[in-house]
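Novice: The chain contents come next:
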Amino acid sequence: MTNTQKWGIVAEFDSARAIYQAAEKTTAHGYTRVDAHTPFPVHGLDKALKQGPSPLGWLVLCGGITGICLAQLMMWWMNGVDYVMWVSGKTPYAWETTIPITFELMVLLAGITAVFGMFGLNKLPRLHHPIFSHKTFWRVTDDRFFLSIEATDPKFDSVQTVRFLESLGGKNVAVVED
Amino acid sequence: MTATAHHSAQSLQQLAPNVTAKVRDGDLAKAQLALLLIGAALIGAAWATGGKSFFFSYLVGYMGVLGICLGALFFTMIQHITRAGWSVVVRRTAENIAGALPVMALLFVPVLVGSHDLYHHWMDAQIDPAKPNYDSVLAGKSAWLDTNFFFVRAAIYFAIWIGLASYFRGQSIKQDESGDPAISLRLARVAAPGLLLFALSTTFAAFDWIMSLDPHWFSTIFGITYFSGGVMAFFAFTILLTRWLGSKGYLTGAMTTEHFHDLGKFLFAFMVFWTYTNFSQYMLIWYANLPEETVWYAHRQHGGWAIVGTLLIVGHFLFPFAFLMSRHVKRHPLGLAFGAIFLLVIHCIDMQYLILPNMEHGDHAAPAGEAAHGGFAHEFGAYLHTISWADFGCYVGLLALLGGFVLMNVRRTNLVPVRDPRLAESLKFQNI
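So the protein lines, in turn, are chains B and Y. Under this note's numbering, think of the first position of the first sequence as 989, with each following residue one higher. Under this note's numbering, think of the first position of the second sequence as 12, with each following residue one higher.
Misleading hints may appear alongside valid ones.
As the list claims (entries may be wrong) - Heads up, simulated DSBU-like pairs for lysine-lysine below, C-alpha to C-alpha not over 30 Å straight-line:
1. 1111/B / 1035/B
2. 1159/B / 994/B
3. 994/B / 1035/B
4. 259/Y / 439/Y
5. 1013/B / 276/Y
6. 276/Y / 1035/B
7. 63/Y / 152/Y
8. 152/Y / 142/Y
9. 1013/B / 1159/B
10. 1035/B / 439/Y
11. 276/Y / 1038/B
12. 1159/B / 1038/B
13. 1013/B / 1038/B
14. 1111/B / 1038/B
15. 1038/B / 152/Y
None of these hints come from the bench; they were simulated from the model. Since we're looking at a predicted model, the values are computed, not measured.
My request is simple: use the sequences and hints to build the entire structure.
Specialist: Rendered as structure tokens:
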């Protein structure tokens, strides 16, 4: 328990509307390392938090293109170069035959990139998170909404930020340690 | 919120008082008249200059535009059977497009008049074994490919389509008055057998009106390839129509970027589905390599059609796939409108590819056998020689006529189902 560091400040809200408005005011006030934790998706909350677009789409695109290239390379090498076999008069490396495999490998690698890219961007798997030590945070999977501001935020101040979140109507506002 | 489904639904007036529910009296009348006149003039000009091949040009335009109406009927029923919430503000437009099917039945008359020119391969086939030019394949198919039965079937198809379109549109308009949620539940139930009838009638109509141009040939997936292109064209047409209505101050506030984004996704999806079905057909025929099946593609290796096949792979798949992939394009008014216009043009070329290579007479038929191995310029030249301006003239003319009649429907009813139980959900709809 020695040498603990502040991770951030967590505030509890009662409703989706309350956390949406709190998120808008927090980002409008200049905080940048803000996150929201809710029991269900709240439309527009990502915009209120001023979160940029996810780079996941670009990762998936790269995964898909890699699948296309790998499939073509594989079939070109196997059917066209390494083990050429003529079957019922079809050209050994004919584009018609390669389409289904190319499509499947594109979908496979794009899908795998989507899942594991999402894990990577979220820094998952992860067994513990400092926010779990907040005393009412367990209700995030039930009926409460939480807003967090991390200590790395340039505007973070362990006294002023607590006051600010309380002024927005946050309850159980507490500093969470790492 | 969703509890309104159990009570009489909230009306558009209550949910969004600033949205115009109905086109003002007399408004858009000029546009409607102009579209009808342009349509009639273009088809008249095509008829006057088209010569003997006019009926082929007309069939290209007609099947292209019919696909849009059938796509609208399909969309309406799919929204009901899935009890979709997001699409309520789009559904009335689809109902109004499908509501033009009675006019499409009238516009089918030139195809009937020209049927002996179009379908002479089987209508004039010799199925008497005693005669020297006896065609045993067509004799075997003569139970289906019978001239009188062909006309009867056309009547059955239109009866199904018009019946379904009028029922779904009529009930929806009735709900505008009563706000009765039971109507939505009933339409969801009717949509199930309705879609079954729709699928069978559409696939057999595609067999009758396009596939039988080459009556020895057959492909069981053919109806779906026609359907997929038609539904894609329906989404393109709907995007452009609703954008245009938006520019006149209608549907704005009801249809948002979110709805256009979803229409764009559907446009993309059915464009890809067209590719999927066409490739499925091509690959199986290519693999099996049976002369009775490959003959259809063999016809499409001559007279510049090989280059059109390549053009369709690029224009009906590769380019729009890359172009419409991004959500930013689908959410951008001009980006989506460009994609829609582009795919409507390509849809016409798709119809040419399906219909025109079977044309053997007329004053712009290509010399047979040449251009199979020519360069791009040579092949494209051969394609330009084979087609006629009348193909595009009939297509654009019929599109204009459809636009005019759809506008007539739009002006008569509310622009959205104003008391649909899921209207609130649709107005608030957001993509995540």
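Novice: If a hint holds in the structure, say so; if it does not, say that too.
Specialist: Checked hints:
1. 1111/B / 1035/B: holds, 22 Å
2. 1159/B / 994/B: Holds: residue 1159/B and residue 994/B sit about 19 Å apart, inside 30 Å.
3. 994/B / 1035/B: holds, 27 Å
4. 259/Y / 439/Y: holds, 22 Å
5. 1013/B / 276/Y: At roughly 34 Å apart (the allowed maximum being 30 Å), residue 276/Y and residue 1013/B break the hint.
6. 276/Y / 1035/B: This hinted pair holds, its Cα atoms lying about 22 Å apart.
7. 63/Y / 152/Y: holds, 27 Å
8. 152/Y / 142/Y: holds, 17 Å
9. 1013/B / 1159/B: holds, 16 Å
10. 1035/B / 439/Y: Given pair residue 1035/B, residue 439/Y holds - Cα atoms ~16 Å apart, limit 30 Å.
11. 276/Y / 1038/B: Status holds; Cα separation ~25 Å.
12. 1159/B / 1038/B: holds, 23 Å
13. 1013/B / 1038/B: At roughly 11 Å apart (the allowed maximum being 30 Å), residue 1038/B and residue 1013/B satisfy the hint.
14. 1111/B / 1038/B: holds, 20 Å
15. 1038/B / 152/Y: violated, 66 Å
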